[in-house]
Amino acid sequence: MSLVAGVLAVNVAYLAVGYALVGRARRRASWAGVALLLGAGTVATLVFFAAIAGLHASLAVATLVAAGLVVLGLVGLRTSEQRTSPAARVRPFAAAVFGVVGAICALGLVGGFRSSPWLDDAWGIWLPKGLALWHHGLDERLFVPNGQFVAFGVPDYPLWWSAVTSLDVQAVGHIDVRVMCAQVALLTVAFVSAVARLLWGYVRPSVLAGGLLLLVLCSELWRHVQGGVADLPLAIYVALFALGLVVWIETEEAFALLVAGVSGVTAVQIKTEGIAEVLIVAAVAAIAALPRGRLRGLGLVTAVVAASALPWLLWRWAHDVPSRTPLADTFEFGNAGRAADAAGELAGRLLDPLSWLVVVPLLVALGLAGYLRDRRIEWLFPTLGLAAGFAFLVWAYWTNPDPIDYLLTTSAYRTIDPLVLSAAVFVPLQAEYLLRR
Amino acid sequence: MKTAAAVLVLAAVPWTDSPLRRLAGGEGDGRDPAFDVALNPAPLRDLCDAKIRTYYVDAHTETPLAQGNAKAAGQLYLACGVPVQDPRRADTTLRFHAGHFQVLHRID
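Which chain is which? The protein sequence lines are A and B, in order.
Note that our numbering has the first sequence beginning at 88, numbered continuously upward.
Note that our numbering has the second sequence beginning at 118, numbered continuously upward.
To be clear, the hints were calculated from the coordinates, so they are not data collected in a lab.
It should be emphasised that the depicted structure is a prediction, and the values quoted were computed from it without experimental measurement.
Glycine included, each C-beta is placed from N, C-alpha and C at the ideal position.
Some hints here could point you the wrong way.
Computed footprint of chain B on chain A; a stretch qualifies when at least three of its residues, placed anywhere within it, have a C-beta under 8 angstroms from a C-beta of chain B [to be verified]:
hint, region
1, 191-200
2, 217-226
3, 236-245
Start from the sequences, fold in the hints, and give me the full structure.
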């Protein structure tokens, strides 16, 4: 199969699974982004779990998983029917802005299919791991450092992104590393579409269009698409987890919990920092949910997400694969200078207008403006989440044993992705609240 | 639709290195990785058809960066096999030198 046909075939299968999961009322074109992200999240997560259980991460296994999920979605799963969204009249200006957003996404998609990842970790670690999962399964000769075989680097990283890209290569039929950028591009465009769909009716179209335009105009977003970096899928699912929880708190719609649950579980399977990042989001959401008495659903989803980390943690424990950020180093205060270096570099990246425009400062400014006007603390919750995520990243750099300059230079520009995309999701929401109240 | 069409038309204008052309992938890349060093992976592509089981890549004359790229190329194109650290345990031995792979030894 050609690159385009192979990658599209895999993603059509994800889409079918997603549409089965979202419920009958949402089986419309406007839900395609949500469906694709749910389908890719669930199928590849279960393929990864199957590899942990001893199977190979092959198209055959993925097909069985997808078929099972479709049956579950069509027969067993009862998601709530879609609420009637408030009527949203799209004025010509907003329609024009949506048009620009759509065109930029279309170009970004084309760019994804035409790009070979510039990040050497993508073709040097993530994809080879996925191919090994296909040929050998989770073979400890390759996935656990040893003296006899050449094992992969960063053995503590979970393998969702490896499984996804491996399935793409299998469908294409030969090694073509452009599948990585093509897949990130599809997930990114699906994310933009999903945010639009989930906020539709709650945020006025002009504000929503402006918020999405701000995101897709960020050059760094598409640079990361063309890098094939795993941090971007992680960011997409962390941000979708946050958005799902917010919609749950606002509407108590069970479907929002499904979105949050699948997104949170998927984020945990992408990179080691995923579990910490979703737990930070859940903690801030719990503070927001407390006055409304909506902790039960949130607690349930958080428990499922946390439990989904266990299969990989147990495999690592059984095979003596330690974390590269040992908790014991947390209290090495002699290394405090590393924290200062990390904080400076991360803040610089987050606020760099040439990379991420004004996404992060705008969210903070909107929160402060709302707080100063209403004197209500909930305006500051998104900023609190950002601050907590920032502090976590500083801690991660502080305790990592590698030289700090090398570490920051090679990764700080992308480890902030979950913070930026989460901020981007909240910009239109905060702007709407500011205009409404 | 008009604004979308306008953006797409702008992207088609052949400015050198315009942001929209970069967004659409510029001149476009091939199917192989953008290696950090000169590296021709072509000889590796067909080796999996020959059903290798274990392999060893000898790149000791190269820089650490080239050695890393050769290792990664092996793990990418020879995923059907398992790379070993001792050449005596390999059914296929490859030499990587000056950007080229050469099959030195193969046990069928």
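Quick rundown of the hints versus the structure:
Counting residues of the region 191-200 of chain A whose CB lies closer than 8 angstroms to any CB of chain B gives 8, so the stated coverage by that chain holds, three being the minimum. Coverage of the region 217-226 of chain A by chain B holds [criterion: at least 3 residues with CB-CB distance below 8 angstroms; count 6]. With 3 residues carrying a beta carbon less than 8 angstroms from a beta carbon of chain B, the region 236-245 of chain A meets the three-residue requirement, and the given coverage holds.
This entry satisfies every hint, going by the numbered hints stated previously.
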